[in-house]
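> In terms of our numbering, the sequence shown opens at residue 1 and continues consecutively.
Source of the hints: derived by calculation from the structure; they are not laboratory data. Among the hints, erroneous ones may be present.
Said to hold, decoys possible - Keeping only pairs whose Cα atoms sit at most 27 Å apart, straight-line, the calculated BS3-like set for lysine-lysine is:
| id | residue 1 | residue 2 |
| --- | --- | --- |
| 1 | K96 | K148 |
| 2 | K100 | K54 |
| 3 | K54 | K96 |
| 4 | K54 | K148 |
| 5 | K148 | K100 |
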Amino acid sequence: QVAGVHPLTGMVHVAAFGAVGDGVTDDTAAIQAALDYAAGFPGSTVQLQPRTYKTTDTLLIHNVNLMGVGGVVFAWLYPDIRMGATITPFISDPDKAVMKTTRTDRGVTIANLTIDMNGMADGSVNDPYTRSQTKGIHLDGSWYNTVKQVVIHHVPSNATGILIDDGVPSLGNFWTRLDGVFVSTVSK
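The task is simple: from the sequences and hints, build the whole structure.
Laid out in structure tokens, this is it:
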């Protein structure tokens, strides 16, 4: 058993994998390690404490839930006040996403998070045929997903807050539920 992993509830805490959440330390590897570990227990939940987590690459979410502790219910009223768990990505590749699922994923829930995209590439490579643009959350051909109580701030021009696509023509992205999602843009 890994410290910070509750075997009965399926809760996996990112701090157990080294995430600091100080907004300065790159927490990408620690959060991804927690997500990868949790993927061995489909349906488990990776939990982010109410801190600010800096990431520098896409977080791949496979058949697990990613949830912040603490609320973001009123975060859209106060965009400069961090409430609950916040992810601040600094990703320079305009074809990346902050987090992504793939077509083999089912039943992923992303909840209670603020994503502040102020440090993302501007997504200026905006080609609808190759889907080449910066994305906050990319649900790529996965099914039965829920995104709830998520605030995505400072989405760069020519970027996408949430992209829901089929990944492979004719497969589709079915039964995706968005509940209490707020996306705000910024012009640079």
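> Run every hint past the structure and note whether it holds.
Against the structure, the hints come out as follows:
1. Our distance criterion of 27 Å between C-alpha atoms is met by K96 and K148, whose separation comes to about 22 Å.
2. With a CA separation close to 16 Å, the supplied pair K100 and K54 stays within the 27 Å bound.
3. For a cut-off of 27 Å, the pair hint linking K54 to K96 stands: about 15 Å separates their Cα positions.
4. Straight-line distance between C-alpha atoms of K54 and K148 comes to about 21 Å, which keeps the hinted pair within the 27 Å bound.
5. Of the pairs offered as hints, the one joining K148 and K100 holds, with about 15 Å between alpha carbons and a cut-off of 27 Å not exceeded.
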